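Peer 1: Sequences listed follow chains Z and E, in order.
In terms of the working numbering, the first sequence opens at residue 86 and continues consecutively.
In terms of the working numbering, the second sequence opens at residue 430 and continues consecutively.
Errors might be hidden in some of the hints.
Straight-line Cα separation of at most 27 Å, DSS-like style, residue types lysine-lysine; simulated pairs [stated by the list, open to error]:
1. E/K805 with Z/K379
2. Z/K486 with Z/K403
3. E/K475 with Z/K379
4. E/K466 with Z/K499
5. Z/K129 with Z/K406
6. Z/K486 with E/K472
7. E/K466 with E/K805
8. Z/K374 with E/K472
9. Z/K498 with Z/K459
10. Z/K238 with E/K673
11. Z/K262 with Z/K377
12. E/K695 with E/K706
13. E/K706 with Z/K499
14. Z/K444 with Z/K513
15. Z/K498 with E/K466
16. Z/K486 with Z/K262
17. Z/K377 with E/K673
18. Z/K198 with E/K706
Derived, one-sided and incomplete: chain Z residues facing chain E with beta-carbon distance under 8 Å [to be verified]:
19. P170
20. D191
21. H192
22. R617
23. L636
Hint data in this document are derived by calculation from the structure and do not stem from the laboratory.
Predicted model only: the values in this text are computed from it and were never measured.
Backbone N, C-alpha and C define an ideal beta-carbon position, used for all residues, glycine too.
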Amino acid sequence: MIVGIDMGGTNIDGVVIDEGKIIKTIKRPTDRNDLLGTIWTTFKDLLTGYDKTKIKRINLSTTICTNAIVEGKTSSVGMIIEPGPGMPYDFLACGEKNLFISGYIDHRGNIVKDLNIAEIKDGCKLFKEKDIEAFAVVSKFSTRNPEHERRIKEALEKEFSQDETPIITMGHTMSGKLNFPRRVYTSYLNSAVYKSFKEFAINIKSSMEREGIQAPVFILKADGGTMNLDKAEEKPVETILSGPAASFMGISALLPTEEDAVLLDIGGTTTDIFFLADGVPLFEPLGIKIDKYKTLVRAIYTSSIGLGGDSAISIENKNIKIGPKREGKPYGLGGPKPTPTDAMIFLGLMDGDKERAQKAMTLLGEKMNMEPKKMAKLILAKMGDMIKSKVDTILGEINSKPVYTIKELLYGKKIEPKMINLIGGPAKILAPILEERFKLPTHYPANYEVANAVGAALARPTTEITLHADTSKGRLSVPELELYEKISSRFTLNQAREKALELVKESAKNLGATEEELDAEITEESSFNMVRGFYTTGKDIRVKAQIKPGLIHQIRSDKNA
Amino acid sequence: MADERDVERVHFCVPDVKSRVTQSHLISAGGAIRAFKAVMNKKVEKAFALIRPPGHHAQRVVYGDRGFCIINIEAVMLERIRQEYGDLRVAIVDTDCHHGDGTQDIYWNDKDTLFISFHQDGRTLYPGTGFIDEFGGPGAYGYNINIPLPPATGEEGFLYVLDNVVLPILDEYKPDIIINSAGQDNHYTDPITHMNFTAQGYAELNKRLNPNIAVLEGGYSIEGALPYINLGIILAMAGIDYSKVHEPGYDREKLKQSRDITEYVKKVAEIVYNRWKDRDNLYIKDIRGKDYVQRQRQVYYDTDNIMEYQTQNFKVCKKCSGVNTIDSRSDTGYHIFGITIPRDACSSCIDEGYRLYKYALNKYTSVYLQDRVNDKYLAK
Ligand SMILES: [Zn+2]
Ligand SMILES: [Zn+2]
Numbered sequence: 086m087i088v089g090i091d092m093g094g095t096n097i098d099g100v101v102i103d104e105g106k107i108i109k110t111i112k113r114p115t116d117r118n119d120l121l122g123t124i125w126t127t128f129k130d131l132l133t134g135y136d137k138t139k140i141k142r143i144n145l146s147t148t149i150c151t152n153a154i155v156e157g158k159t160s161s162v163g164m165i166i167e168p169g170p171g172m173p174y175d176f177l178a179c180g181e182k183n184l185f186i187s188g189y190i191d192h193r194g195n196i197v198k199d200l201n202i203a204e205i206k207d208g209c210k211l212f213k214e215k216d217i218e219a220f221a222v223v224s225k226f227s228t229r230n231p232e233h234e235r236r237i238k239e240a241l242e243k244e245f246s247q248d249e250t251p252i253i254t255m256g257h258t259m260s261g262k263l264n265f266p267r268r269v270y271t272s273y274l275n276s277a278v279y280k281s282f283k284e285f286a287i288n289i290k291s292s293m294e295r296e297g298i299q300a301p302v303f304i305l306k307a308d309g310g311t312m313n314l315d316k317a318e319e320k321p322v323e324t325i326l327s328g329p330a331a332s333f334m335g336i337s338a339l340l341p342t343e344e345d346a347v348l349l350d351i352g353g354t355t356t357d358i359f360f361l362a363d364g365v366p367l368f369e370p371l372g373i374k375i376d377k378y379k380t381l382v383r384a385i386y387t388s389s390i391g392l393g394g395d396s397a398i399s400i401e402n403k404n405i406k407i408g409p410k411r412e413g414k415p416y417g418l419g420g421p422k423p424t425p426t427d428a429m430i431f432l433g434l435m436d437g438d439k440e441r442a443q444k445a446m447t448l449l450g451e452k453m454n455m456e457p458k459k460m461a462k463l464i465l466a467k468m469g470d471m472i473k474s475k476v477d478t479i480l481g482e483i484n485s486k487p488v489y490t491i492k493e494l495l496y497g498k499k500i501e502p503k504m505i506n507l508i509g510g511p512a513k514i515l516a517p518i519l520e521e522r523f524k525l526p527t528h529y530p531a532n533y534e535v536a537n538a539v540g541a542a543l544a545r546p547t548t549e550i551t552l553h554a555d556t557s558k559g560r561l562s563v564p565e566l567e568l569y570e571k572i573s574s575r576f577t578l579n580q581a582r583e584k585a586l587e588l589v590k591e592s593a594k595n596l597g598a599t600e601e602e603l604d605a606e607i608t609e610e611s612s613f614n615m616v617r618g619f620y621t622t623g624k625d626i627r628v629k630a631q632i633k634p635g636l637i638h639q640i641r642s643d644k645n646a
Numbered sequence: 430m431a432d433e434r435d436v437e438r439v440h441f442c443v444p445d446v447k448s449r450v451t452q453s454h455l456i457s458a459g460g461a462i463r464a465f466k467a468v469m470n471k472k473v474e475k476a477f478a479l480i481r482p483p484g485h486h487a488q489r490v491v492y493g494d495r496g497f498c499i500i501n502i503e504a505v506m507l508e509r510i511r512q513e514y515g516d517l518r519v520a521i522v523d524t525d526c527h528h529g530d531g532t533q534d535i536y537w538n539d540k541d542t543l544f545i546s547f548h549q550d551g552r553t554l555y556p557g558t559g560f561i562d563e564f565g566g567p568g569a570y571g572y573n574i575n576i577p578l579p580p581a582t583g584e585e586g587f588l589y590v591l592d593n594v595v596l597p598i599l600d601e602y603k604p605d606i607i608i609n610s611a612g613q614d615n616h617y618t619d620p621i622t623h624m625n626f627t628a629q630g631y632a633e634l635n636k637r638l639n640p641n642i643a644v645l646e647g648g649y650s651i652e653g654a655l656p657y658i659n660l661g662i663i664l665a666m667a668g669i670d671y672s673k674v675h676e677p678g679y680d681r682e683k684l685k686q687s688r689d690i691t692e693y694v695k696k697v698a699e700i701v702y703n704r705w706k707d708r709d710n711l712y713i714k715d716i717r718g719k720d721y722v723q724r725q726r727q728v729y730y731d732t733d734n735i736m737e738y739q740t741q742n743f744k745v746c747k748k749c750s751g752v753n754t755i756d757s758r759s760d761t762g763y764h765i766f767g768i769t770i771p772r773d774a775c776s777s778c779i780d781e782g783y784r785l786y787k788y789a790l791n792k793y794t795s796v797y798l799q800d801r802v803n804d805k806y807l808a809k
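Extracted from the complex, chain E is given alone in its bound form (with noise of 0.2 Å):
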């Protein structure tokens, strides 16, 4: 089981921990970790955990459930892992057919954190981000990549991004890590979403992509998907022939996406594939120059119905990848300031993070310290 700490190294929960934590989501992201400790201490090359409740679209402020996420069960993972056995750099690929905007908030400035989800198109689909230009902070500008996706995208279309814009990324950032966000709803027959991806390719991407950890994410076709979908996935990281995992009524011909789509898919990964190449002069066109980077944001809850209206504040730093602090109000009456000290922090970041949380102004209902250097958390 995790515990609050865990939570407390990823996340802003408002007002506390235990007034939004509940048991499950701390058993959900104790089993992840401990298939990433299975794989950490090479008692396992590969992990998968099956648990639930999932967690891509918790953010780093938590004021409640968003798209049936509460806390971010790969980051909880992830930050504990890096806790007790050193810094590693890490890629997360998001499968699941929603915008992975919990963990791109959580990794937006890290650079060693590279995030990839692949997704059908925000405009079409909760939580309507993920959209190429969404491209990271100061510190980590080209490392949060977005893969918008049209309806009705097929086993093709995944394939061909996967080929063409995830692995080669994948072999250029050489990470020590990777990590599959595995979401299982973009299965032609999911009931919430518009996708024609199948148990064969999901068990082939996993094939190609050979990550080293998959965590479940969403999948709401529990009959007639889930059950074939992890068995592939499981098949395929156990390096097992998943050839005769076919869902019921599966018909190859029938699922097999249109040319316009073909064409689509295409463009979209050579514009994301270009930016990532290009990320250096973009990072000296868009950001170069600033000691400060803002980002305003409304974010919606949909399952508690509640709106969050944020401002981030990034320091360019060219020591480490910057303090930076979120000031955040939701329409259930909280205003709260939260500052983060990344790991990499350097000596001045650190000081100038325990000054705004001494010096906070009076107006906030909490304010936060997440000092991820000394692995210390403070609210008042």
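Isolated chain Z (complex conformation) (with noise of 0.2 Å):
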């Protein structure tokens, strides 16, 4: 048995799946003052008349990061920046305190000014100040060479030594990817949600003890994978905003298919938008926006639209407008403004107070001079039209951004979605809309309203690693494992290549997956000569591994039963 739960802002969804099969499903409103209580009652609820020892895993996905960051209950976060020449560095203080330092290592990892332990020590004495909570320590180019890092991080250890060990999260640990500003952020964002998830984790664990459940527990992050708890302790940033992912392995298991394609889970108050390419999600390009942050957390691409059942509507100069706010229940149910789903219980297509739902229409008609049917099935084209344009313009942009690799520009591809598949509340009801609008072939599954908690269900371990190997400096780093050594002047891509796919199997071992999870395969590879002088003195050599994220297996639904 596979237990999946999703926890979303309005609804928490848990499914149980044994062997393939989905055996019970479960939704219920999420307490936001509550949430590990939401969870355990589900939790509870779900496994009522299951034995729990037979449990092979518990897969969740959380807003308790997301939570702390939208409700402003994060830790303060002293930030130690060693920003190098460059751009003016102000724009990176993010923190509560920030303290920028001398000393300096190059793009290659050479160390050009060296630290000056003095600055550190005088910083302390204004973070101690301020009670600062955790800390995060970035060096320009760590992923090259992080000893800088290191070294703050032992100061700040044994400047703190009096207290519990102090929290500091180190830039070369966030990512491999060189990008300076979206470390500082993803390192920040780490430090300052670390105690939130470090209490939940605690409280997961001991509950779990309590019940007597052995099952190994994985976090979902936002790229469609999951980690298990003692890694997501570690860097609770990649769970932040797995929600989307979550939707996304649902349709993906419900409705598996090897070809372009736009998914569509369209909720309450937003629908979110992703694409296949062959059947391969597409991810955003560098990582994910957090708060107002941009970081180096890998994630699936997603773009949203306030657009939902529960979305306000309005008449404005004779034309409808539905959202982007909610602004409460559909009318229908009690709540202050008309509301697609409004339409939908009107219309007999979903269950509700048909009187109530009938009086939001004749509200909204009688501005249009329009028969309450009519304005009821004119607000579904609407919606289908607002979705049609917004998907065309992210497929615009999409297939007009700019290339990173010659092989891109010269081989690059375009996506041509084949279909559209959907999953959310009103999907069943807007599938024949959206497919005469897009003229595609459109499928929502048989569990379409659970379908975010069966991807979170069968989501397996995720992990990407940079292997940077300079051959004229003999050394090699991963950046995302720690790992710096020795190599000959000799090492080849080819062996870099294989270092590389024995390295991220290790690491998803570590994050819990089991040999069968173990679908490795390199993502990109580069080798160039350096040249100093006139000389060519090594190879630059660059490899990116990863697990690919993936179902533990596929779940065969009806189609548009």
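Both chains are sitting in their own frames, so use the hints and assemble them into the complex.
Peer 2: Okay, structure coming up:
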């Protein structure tokens, strides 16, 4: 048995899957003031009547960290930033207290100017005055040489040795990708939500123990993969915004395809849009934006529109305006404003108070000189138009986005969707409308209402590593694994590939992946000569490897049932 | 990506485009075109095309590789843009340490493309050209400006030339577009040149020059200079503070140029500027009364070790910049004849171009016609 739970802003969904079949589903409202309690009661209700010892794993998508950010309950963070020469750096100040220090490491990992430990000691006085709760340490090009970050961390630990071990995030452990501002923000966020997640994890662990459940707990990441609870405690930043990823995985599990496709999750307040290229998800090129910060957190590409079943509808100059806000429940369910849900109830496509729904449609219809029925139909048509127009805009952007490699330029693939796959409350009702708008076959699965929880349940561990070998320095680095070792000057791209695959598998095992889940692949590679003066001094080899995001297994679901 | 036609608009590739130009060149030029279009379409205010391979040594005739250049990226870019967007008055300012002899050759007779190159004196560095008296063809006499600088010129010298020659000339010329041919081999750490320019200097130069488009040219100090200069140029073009961009071991005092150099640079600047001011009189003295102006040259392809001997012949026409031809022979056995009908050609120059093409002698291995008026390119 696998248990999947997806905690969203409004609802929490849970499923139990056994031998490839969904055997139980549950949906209840989220209590924002007691997230842990919400999870726990959902979990108990879900498992009533089942043997808890048969659970093989529990996959959880949680909004703990997202919530901490939204509600401003993050820890205060002291930043130590070593910017080196370059752009003005004041825009990097994101912590409660920011210390910019001298010293610098260049793009090849050479220490050009050494650290000045005295600066850090002085800074610690300020941190103490401000009662800083957590720290993040980032030096430019630390992925190429983490020495300064490590030494700063040691210095901090010494200064704060009387307290419990201080929370310190080092920039190079966040990602192997180069991008200094994003590295700074990612490290900041990781430290800011660290405590919230840690408390959550401790609670989960003790509750599990109390209930006698031994199954491992995995947490969903924004890239559609999972990591075990221990790893999530180290990198809680990766758990943020995992909700859309759960939906994405759900659609993929229930409606598998190898073609280009548009995936839609139409919820109460928003519609999330995803894309598949030959069945493979489109990722954010560098990382996801969290709050106001651009990060290096790997994520499935999502675009959201403020359009859902509960979006408020108004008439402006004889034009229907739906969303972008939700102003409470639908009118038919006692809410203040007419919504698409009212239109669906009135047309008999959904259960609800038909009389109130009719009133909502009449109210709107009067402003348009239109019968309520015509009004309701027009609202659904308008939803279809809005979704279509947004999808077209994004596709245009994606297909004309700058390419980053010569290979992409020459063989650049354009996404041409062959189908629309959708989930979410109004999926069934909107499917025919969307099919007509897009002129593409449109599918929704049988369990479309809990597809996100199915996605959470079936996600498996993923990881990505960035291997960089500099043969003239005889050095190999994999920042994500904190691996820095010597190599021979004859190290080749082939050896680098092998090494990367081996390391990424090992890393996935540490995240809790089982042997059969180690589907590793090389995603990027390059090798070029380095020249100093007139001579080639060695090779610069870069290889990226990942465990493909994938599903434990697919679920054969009835289409459009 | 650029295509063959884009290349033919600028070059006579011998024997043809396919045998001389690689995909890398077309990608490089394509990148520059894309950057220029973004500016023309007002998607961006300015653009810096960070592309390789470079192009400023590639001349009109192309037998092979010269100074790491095969096709002239800026020219291929600019002519494509002119073809799509109509005529533009353009100034190309070449800040590479080597003389931009290719760009000079291509725009030698084009009054609508002012070419200004400052570079290390040709007596001390490849390609050995770029002297003050290389002043342009009869249709653009005075619109080719060379400012040869002595080895060890530093920030002070470059900025002096900029302020006292380049900017005043641009003020008078009033171009629609300024292109910086942004070579970075004037840097003090560059292994193949002998100048003392810096990342700060390059940034300051771009701030004052304020080009609409910069296109990367040469630069060979890969670790010690390029990351810092490029960043400096980008920040300067974007109007962001670049005061914190310093290369490792940068020491302003050590890089100060000597008084001798300062004096010498001032003299060069004065001569160049006075010649520009006096260009109409110089035209009367050097050109007026002639029907044709001939130019004989030897061109050496250092990378491919080819020697070319050519005679260019420019018609002095009152109505346009004049049809012109190149008779070129290489020691690899080719002997070609190229005819160019310029963008502004009058009808009699067009007719003459086609006549020359039709009746070209049999001794040539190939004959080419560039008809820029109709964007037509013929070869036989
Ligand atoms: Zn050069
Ligand atoms: Zn004429």
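Peer 1: Each of the hints needs a verdict: does it hold here or not?
Peer 2: Now for the hints, and whether the structure bears them out:
| no. | hint | result |
| --- | --- | --- |
| 1 | E/K805 with Z/K379 | violated (49 Å) |
| 2 | Z/K486 with Z/K403 | violated (36 Å) |
| 3 | E/K475 with Z/K379 | holds (25 Å) |
| 4 | E/K466 with Z/K499 | holds (22 Å) |
| 5 | Z/K129 with Z/K406 | violated (42 Å) |
| 6 | Z/K486 with E/K472 | holds (14 Å) |
| 7 | E/K466 with E/K805 | holds (22 Å) |
| 8 | Z/K374 with E/K472 | holds (24 Å) |
| 9 | Z/K498 with Z/K459 | violated (42 Å) |
| 10 | Z/K238 with E/K673 | holds (26 Å) |
| 11 | Z/K262 with Z/K377 | holds (20 Å) |
| 12 | E/K695 with E/K706 | holds (17 Å) |
| 13 | E/K706 with Z/K499 | violated (54 Å) |
| 14 | Z/K444 with Z/K513 | holds (24 Å) |
| 15 | Z/K498 with E/K466 | holds (23 Å) |
| 16 | Z/K486 with Z/K262 | holds (20 Å) |
| 17 | Z/K377 with E/K673 | holds (26 Å) |
| 18 | Z/K198 with E/K706 | violated (50 Å) |
| 19 | P170 | holds (5 Å) |
| 20 | D191 | holds (7 Å) |
| 21 | H192 | holds (6 Å) |
| 22 | R617 | holds (7 Å) |
| 23 | L636 | violated (38 Å) |
Hints 1, 2, 5, 9, 13, 18, 23 from the list above are not met by this structure, while the remaining hints are.
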